[in-house]
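Produce the complete structure using the sequences and hints provided.
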Amino acid sequence: MTLWVLGGLALAAFGVWWWQASAAAQRQSERRDVWRRWQASVTVAASNAEPAPVPAGDEAPADSTRAATPSRVPPVSLLNTRPVTPEAAACLVDLSDSLPRPRAVLTQLLLAGDDPVELARVVATDTASAALLLRTVNSARFHLTRPVSSVQHAVTYLGANLVRDMAIRHALALPAPAHDPAAERANQRLWRIGYLASTIALAVARHQRWPSAGALSTQALLFGLGDIALLAHHPGLAELYAPDYGLPARVEEIQRRLALNPAMAAAHLGRVWQLPQELVRGLGASLTPLAGGPQQLAPDLLAPVTLGYFSTGLADVMLRQGSCDPRTAVDTLLGLPHAFFLPEYLAACGVSGVLDALAQPAAARRLNAVWASTHATGERDRPEPSPD
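Following this note's numbering, the numbering of the sequence shown begins with 462 at its first residue and continues without gaps.
Note that these hints are calculated values from the structure, not bench results. Warning: the hint list may mix true and false statements.
[Said to hold, decoys possible] Label pairs and their computed distance ranges (CB to CB):
hint, residue 1, residue 2, range
1, Ala637, Gly796, 15 to 23 Å
2, Gln735, Gln782, 33 to 41 Å
3, Ala585, Val554, 32 to 40 Å
4, Ala592, Pro760, 23 to 31 Å
5, Tyr618, Ser559, 34 to 42 Å
From the three backbone atoms N, C-alpha and C, an ideal C-beta is built for every residue, glycine too.
This is the structure we're talking about:
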């Protein structure tokens, strides 16, 4: 009798294992199908786009349009915002208490969209923002032949998107890490990524003919808000933002140290600062593509989170490579472990022809201008040497 019972239990266990293995194989097969569809769209778009110039001393890859399948699922388990542990709650309250509140003009900037006239009006009403904008646009990094004297002229010259991004950064009033060179470099790099991501997101959103392209661009700009805020309050995290430190490892280490992650920090600050609810929800879900598929997101968050995650990742890769070459950067990004689920998100949004979007003359000019102004040296990110 005992042998019959044991045999039955063994058969039942084998059946459960077989069902789980079959389901996992089916999911993996579906993921490969999604990947192949996305890879095909990348290849077709690349074949229609003009080749990007290769900087002197760099060799073009043999096949820069082929997207390599990521090697593994990123082993990241994201901490949930609910329930928040007492340790995380204390860290979040301490974070928001330590940072200055944004300037009053921030809400108007977030709602201004990409209307150049409205944007110029909003910026001009805030004396400090207008002065900073004019000082920045007249600085050496823009190589002007004659000075810009008005906000409207600055918007015309730089474009509404970059002006809005610069004004939002100033209005946030986030302090840069002081007396810590590594943290200062990391802070500047995060803002460079934000500016590039915003420009990429705007081009893709317009190519997809999505409404509120300006809002999606702003979401991409602020995708790193949690990282920037945490770095300002915890400059010791700077080592995690070195160019050779991967996103999965960074998120896991921040969660280990602080019992929270950058997405939780950004959402908390957004609530405290009373930012638009759609923006706060998007920031809170910004790391979702790192740990799972698009079914985890509410339908209205799919486009902003996907576009923000993709644009931020692409901007990061471009800085690592040291060249404004979206074609090569897309190929590299889609082969990274933290992009494992990204093709599923892009397919779920119906995004295609990314390289076509970035190759459009107006979009390419904007991207090259932002690249030149935020990465003037044109040098590739390099990891710092380890101390012996």
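Evaluation of the provided hints:
1. Ala637 with Gly796: 15 to 23 Å: violated (33 Å)
2. Gln735 with Gln782: 33 to 41 Å: holds (38 Å)
3. Ala585 with Val554: 32 to 40 Å: holds (36 Å)
4. Ala592 with Pro760: 23 to 31 Å: With a Cβ separation near 42 Å, alanine 592 and proline 760 fall outside 23 to 31 Å, so the hint is violated.
5. Tyr618 with Ser559: 34 to 42 Å: Holds: the Cβ-Cβ distance is about 37 Å, inside 34 to 42 Å.
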